[in-house]
Structures are given as C-alpha cells and as structure tokens.
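Build the full structure now, drawing on both the sequences and the hints.
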Amino acid sequence: MQKIRLEGNKVTLRSRKPDDTPVLYNLIYGTENPEWKKFDAPYFPLKKISYEIFETQWNADFETDQFPGDLLIEANGQTIGIVTFYWEHEASRWLEAGILIYDPSHWSGGYGTEALSLWIECLFQHLNIARVGITTWSGNPRMMRCAEKVGMQLEGRMRKCRYYAGVYYDSIRMGILREEWEAQKVACVTASNDPSTKTSGVHAE
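Here this note's numbering is used: the first residue of the sequence shown is 24, the next is one more, and so on.
In case anyone wonders, no lab produced these hints; they're calculated from the structure.
One or more hints might be untrue.
Claimed, not checked - Label-pair ranges, simulated between beta-carbon atoms:
no., residue 1, residue 2, range
1, G53, E203, 35 to 45 angstroms
2, I72, N99, 23 to 33 angstroms
3, K60, W110, 37 to 47 angstroms
Glycine is no exception: its CB is placed at the ideal position from the N, C-alpha and C atoms.
Structure, rendered in structure tokens:
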C-alpha cells in the first residue's frame, strides 16, 4: 500500500506496518465486551477470530501500491484507533469514511475530531470524489457531534430502523462536499489572519 503520514496537533495518521498487526488485534479483541463496541454498531455482534486469520486479512494489501483503505491514529506515540473508507458504489464515486478510537480515555478530547478532519483532507487530495460521507446511528451522539465539528451535514435519518437492547434507534447519514470543504478551509485561513480572531474552527474540538 502507499505510505502516508499526516501530522496534526494532537494525532498522527499513518499507514499500517506488519508489526502493527498484534497491537491492532489486541485493541479489537483484547477485552471481552469492550466499551467501544457499545457505540460502534453494537447490533452487529463482534465475533472474535484467530490471530492467524486476522493477520492474513489485515496484511493482504501490504504488497500493493494502492491508496490505503485505512490509517492508524496515534497520540503521543501510542496507537489509539483507526480511520477507514469503503466504496458504497465505486463506479459512481460514492465513498463512506469511518473512524474508531478504541480507548475511552481518548474520547471527548479532540482526538477524533482532528483525526477525521485530517482523513477527509487526505481523501479529497488523493481520490477523485465529490463527497465524503459517514454512516452512524442515533445511539452514538459523540460520532454525530464529531462529524458536525468538521463541517458535515445531516443528509438522512432513517427512523427507528435499528433495534438494539429493547430500543429503536435511527440510522444516520452525514456528509460534506468537496466545495464545502474547500470553502471551510478558506474561511479558516481568513479567520486565522484576522487579529480579532483567536482560534480556528476547522480542527477544534
């Protein structure tokens, strides 16, 4: 896969290496009933697989020169999560992104917002797409707030189509267009050059 490294103020996004595989496996399967799974589509059960199968699946793309479908999220040299993308329909250039921070100690600290912002910029730079979207559910308000902070708009709400633990939840679609992202970046630069403006809103938590 292509080697990519993106530096932010709080996080670094980088391509995976073979020696990252055991770390990632432990983040996903190291704890029974992990806290992160309560918010990451818990209506799809987490089925543990052997390390050998996991290693084969995750290491399959190391020998290709394709744009990576995921990058690791690091904070202070520690792997804390992953950003991903997949094609909902590649022929029509419909792309969906994802983000997952496994350790609850890194939730609500601005890590996810910055990571998603860096990832959106990377996707628009490297891929011929007009939009980046995410799909989540109403049981994950933290993800919805994160998407809003990077400029995504609510594009669809499929009401009460996710039944989990005795409660109906909505499926949520959010997204941002390339021209909206570029306009947001220009506005951010303009604000940063204004002496009366102290902070920039693009990467802020």
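Evaluation of the provided hints:
The supplied range of 35 to 45 angstroms is met by G53 and E203, whose beta-carbon atoms lie about 38 angstroms from each other. A hinted range of 23 to 33 angstroms for the beta carbons of I72 and N99 is consistent with their spacing of about 29 angstroms. At about 24 angstroms, the beta-carbon gap between K60 and W110 misses the expected band of 37 to 47 angstroms.
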